[in-house]
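S.K.: Sequence:
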Amino acid sequence: MGLPAGELLPSVDPVHRSRWKMKNKHKLFFMAFPFLVVTFIFYYLPISGWTYAFYDFVPGIPLSDTPYVGLKWFKTIVSNPTQTAVRKVPTTVLYTETVSWLRCILAQV
Numbered sequence: 001m002g003l004p005a006g007e008l009l010p011s012v013d014p015v016h017r018s019r020w021k022m023k024n025k026h027k028l029f030f031m032a033f034p035f036l037v038v039t040f041i042f043y044y045l046p047i048s049g050w051t052y053a054f055y056d057f058v059p060g061i062p063l064s065d066t067p068y069v070g071l072k073w074f075k076t077i078v079s080n081p082t083q084t085a086v087r088k089v090p091t092t093v094l095y096t097e098t099v100s101w102l103r104c105i106l107a108q109v
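Numbering follows the working numbering, in which position 71 of the sequence shown is assigned residue number 71; successive positions increment by one, without gaps.
Among the clues, some could well be false.
To be verified - Pairwise CB distance ranges, derived in the manner of DEER restraints: (1) G70 / K27: 46 to 52 Å; (2) E97 / P46: 27 to 33 Å; (3) Y68 / L45: 20 to 26 Å; (4) A53 / T96: 21 to 27 Å; (5) T66 / V99: 40 to 46 Å; (6) T91 / P46: 26 to 32 Å.
For the record, the hints were derived by calculation from the structure and aren't laboratory data.
Quantities reported herein were computed from a predicted structural model and do not represent experimental measurements.
Idealized CB from N, CA, C, for every residue including glycine.
Work the whole structure out from these sequences, hints included.
M.R.: See the structure below:
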């Protein structure tokens, strides 16, 4: 048999009920804590490396001593016609999407 309708916890006095709820919340937090730590280490810590893209970085010199160049390198990549990587992005995306859709269609056959 289950609990009566509308009652989530066994019938205990309110003091014990609130303690029971708090114990379980701490258990859930401690179970989730390792995943939060791994998420922080592998997803948010590497973002700090993105700052290197905005500096004229030279190995061996601290980042604080290198000049800040802003979006100089991004502008160079986009505006330079000899950059084949930027020119090939649309065709690469087109080919990837075509192959993906063909796989989906052929998987149904």
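S.K.: State for each hint whether it applies.
M.R.: Hint check results:
{"no.": "1", "hint": "G70 / K27: 46 to 52 Å", "verdict": "holds, 48 Å"}
{"no.": "2", "hint": "E97 / P46: 27 to 33 Å", "verdict": "holds, 28 Å"}
{"no.": "3", "hint": "Y68 / L45: 20 to 26 Å", "verdict": "holds, 22 Å"}
{"no.": "4", "hint": "A53 / T96: 21 to 27 Å", "verdict": "holds, 25 Å"}
{"no.": "5", "hint": "T66 / V99: 40 to 46 Å", "verdict": "holds, 42 Å"}
{"no.": "6", "hint": "T91 / P46: 26 to 32 Å", "verdict": "holds, 30 Å"}
The structure meets every hint from the earlier list without exception.
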